[in-house]
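**Q** One line per chain: the protein sequences are H and R, in this order.
The first sequence begins at 1 in the working numbering and counts up by one.
The second sequence begins at 1 in the working numbering and counts up by one.
Simulated from the structure, these hints should not be mistaken for lab results.
Beta carbons are placed, not taken as given, at the ideal position from N, Cα and C, and that holds for glycine.
Okay, the calculated beta carbon distance ranges per label pair:
1. R:G325 - H:R149: 31 to 39 Å
2. H:D134 - R:H377: 27 to 35 Å
3. H:P387 - R:K229: 19 to 27 Å
4. R:W110 - H:G290: 54 to 62 Å
5. R:Q47 - H:G347: 31 to 39 Å
6. H:G461 - R:W110: 23 to 31 Å
7. R:K229 - H:R245: 17 to 25 Å
No farther apart than 27 Å at their CA atoms in a straight line, the calculated lysine-lysine pairs in the BS3-like style are these:
8. H:K476 - H:K437
9. R:K131 - H:K345
10. H:K476 - R:K229
11. H:K345 - H:K280
12. H:K459 - H:K437
13. H:K388 - H:K476
14. R:K127 - H:K345
15. R:K208 - R:K127
16. H:K459 - H:K280
17. H:K280 - H:K437
18. H:K173 - H:K140
19. R:K208 - R:K131
20. H:K173 - H:K459
21. H:K140 - R:K258
22. H:K437 - R:K229
23. R:K127 - H:K459
24. H:K459 - R:K208
25. H:K345 - H:K459
26. H:K437 - H:K388
27. H:K280 - R:K208
28. H:K140 - H:K51
29. H:K459 - R:K131
30. H:K459 - H:K51
31. R:K127 - H:K280
32. R:K131 - H:K280
33. H:K51 - H:K173
34. H:K388 - R:K229
Listed here are the chains, written in short residue letters.
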Amino acid sequence: MGVGGRSWSLVSVASHSPRLGGVIDQDVLERVLGGALATGADFAEVYAEDKRSTSAALDDGRVEQVTSGRDRGAGIRVVAGDTTGFAYTSDLGEHGLSQAAAAAAAAARGGGGGVRTIALTGSPAHRPNTVEIDPDDVAKARKVELLRRMDDAARSYGGQVVQVSAGYGDSRKRVLVANTEGVLADDDVVRTLLRVSVVADGDTGMQTGYQTMGHTIGFEVFDAVDVEELAREAARQAITKLGARPSPSGAMPVVIARGTGGVLFHEACGHGLEADHIQKGASVYAGRVGERVANPLVTLVDDGTMPGEWGTLGIDDEGRPTQRNVLIEDGVLTDYMWDYLRARKEGRPQSGNGRRQSYQHLPMVRMTNTFVLDGPDDPADIVSSTPKGVYVAKLGGGSVNTASGDFVFGMTEAYLIENGEITEPLRDGNLIGNGPKVLNDIDMLGNDFAMGSPGTCGKDGQGVPVGDGQPTLRVKSLTVGGTAA
Amino acid sequence: MTDLQGIADRVIERAQPGEQIEAFVMRGGETEVRVYEGAVEHFVSAQSEGVGIRVVREGRTGFAYAGTLEEAAIAEVLAEARDNLQFGTVDEWAALADPDGVAVTEQSLWNDELADYPTDDKIDLAKQLEKLAAGSDPRVRVDESDYADAWAESAVSTTTGIRQSGRENGCYVSVSTLADEGSGDDAETQTGFGFSVGRSPHDFDLDKAATDAVERATRLLGATQPPSKRVTVVLDPFVTAQFLGVVSATLNGEAVVKGRSLFRDRLGEQVAAGCVTLVDDPTNPLAYTATDVDGEGLAARRNVLIEGGRLQRFVHNSYSARRAGTASTGNATRGGFAGTPGVGCLALSLVPGERDQQALIADVDDGLLVQSMQGLHSGVNPISGDFSTGAAGLLIAGGEQGAPVREITIASTLQRMLQDVVEVGSDIDWLPMRAAGMSLVIADVMMSGR
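I would like the entire structure built from these sequences, with the hints used as guidance.
**A** As structure tokens, this is what we get:
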């Protein structure tokens, strides 16, 4: 960002009204927020971000392009009663901010008010992640080199590999949030991401394999991650599926490998536990706190503080420090996830789940890292005690209708289970289930917890990074959407 | 507008010998109103702008962008793009598009009426729509009722001689509904949606949007999970549009030249039933995504991709075309200033058939009317062709619509589904998507349930 050093953590020294990382002065923030209440609104907020990103893509054996990006701006939210006005600007000067504030305030007309005086108090920085090597300090050539290594490893894995595409991405996003309740908080989030997808060709056509890894830590992550292994794993998947048979069709037991099925919980209940859906009566879980909603084996947690994970943040995008929230404990629904607006309506604390894609978006209730804790079972027993079913080694994405509870998720590497053993590979397909029913139908839960791959969760047109995880588990009945009888 | 072209021109004037430069400059704005229970829940009004610069030199490409049009930032973006270039692999086909002499089809993509439409009227539209959808059936609640509009102006200049600029705007309203039935353990909620699009708010059909949303939610009430079987499916127009979106991935010239299209070696062959003629035509003003130029500034044009079931053509931008030894079909896509042009269909449609949905259903003995698909991004693999999605809809028995069903999947392969098309409906619907929809009958699809 050029000016003001590497962090916005200067903000905690509020008394000298310092420049916030060289971006917005505290007295400017106070004036903008005060002015935003002029039309009678009862809450105003400035969310500013400055993000730099680098990405590189290799495809068809060529490094096609290295891209640098700069996204910088502020979103201003003004709330009057149940109405929210929102505007954004890429001009972080006082003029740009004041104009956006006026536009947002005009949209959220209250009963008439007058400018209020706002005093911000900086909170101490909350930084769950440690970054040793800022990716901005790493030569682009080293980033591109990671792609070549993946390409080489995937292609040399087997002669059936006909195409490889690989991507690298890093970003550093500095965030500042200030609001009329006096909140002044900042964050500095570094992300590092690799993805590789492989196409293999055989007698029955082409098949694909995909692997990805992503963390909220610096470039040092590549000292710990076996980049070649990631690529070989994608190649192995694609080649394995060349021999795959059509998936079965209909309801049957499904075993899901550890660290891949978090998306099941994300869809089966995660979205349904977001307070915005709850307050509109658009979730099958509305009004059910204190009730048993899952098999007693299941304890579900959303935790934005796990060091290095993809959904980890210091503060959420409303300036609230992230925290660990237990949503389901031993099968009983304990709480929903909350953002500012929904918590305010209920007169209760926020849970650190107010998130947005960028300064151009309104915050809403979102997950961070969502996972199920270990259960009692030996993972080997879970397979061996399943006479016939499907073993899912890798899941793809999913989606849910929170109101009906019906959700789907894709399997991108799966096998038949026959007589308690994993046998033949299966072609890709979707599985479908109903959230509350599936949570009750989880009848075995392993003791081998692992976090899964980085994900992007889409809701109302906004994508945010999320993590998930779970031990190996069995659902006693899920509908498998194959073509074989 | 001229000022955007001026900004783009000033960037490419800085090209050094041996260097090709493309500057894409854009400015846009949006309004979104969401109404809930008669009051504005949120109102978003904002503008943004930015520049993306691509530099090609000696077969290497570099790119950078920034979300601002400040002079100093633009200079920095150009320097970054040049710096990035050195890390790319030399690619003999890397180059910017050259002007190809194809005339631009003039279109009226800008509507002054919309540009001047008062804010209060926008809010009223969303309120009216909510009222219409909530008022017609006691089982129905409205989850959200939205009005949205957007405008954009952009300019692209290249050292190869392309200079294009333009502006467009558009708007839509949408409503999503919840229908409740039963209580206690039998309580059930289903969802529906409806929308209407236009170049101007006067084009909206609020009644149709509300009726669609109410019908979609209520007709699924009481849905159960049926046993698995092979059926003939009738896809609703909205579902067909989603299906065409998946098919278009296999006709993408970039996928073809990189060996990722399952149709890569099949030009001229019969890949679909004889009733299938698939056209990409962004010059059709009825298409929501109609445009005059593509993402590289070449004229958008009508391309027949499949004719009478025979594969005629893939879509290309200038890069994929060069590699394939052909010419760009004017199908460069661009998602904004933050990325380089890709390849894709711009405004797809099947050539409609003769009969409406009711007539199509009357011919189906044992089938499924598919109202919605879920999980197109997770259970469909356009490279292998495996197709499996969640679905909800109504059973068809003896030519009549029957009981609602849910928690099912429909599965086949893209290759087979195209061959198994029985008939294309006449009920073309221009949706706010890259493809238009109409009812589509496909035989021999596996429906998985209990």
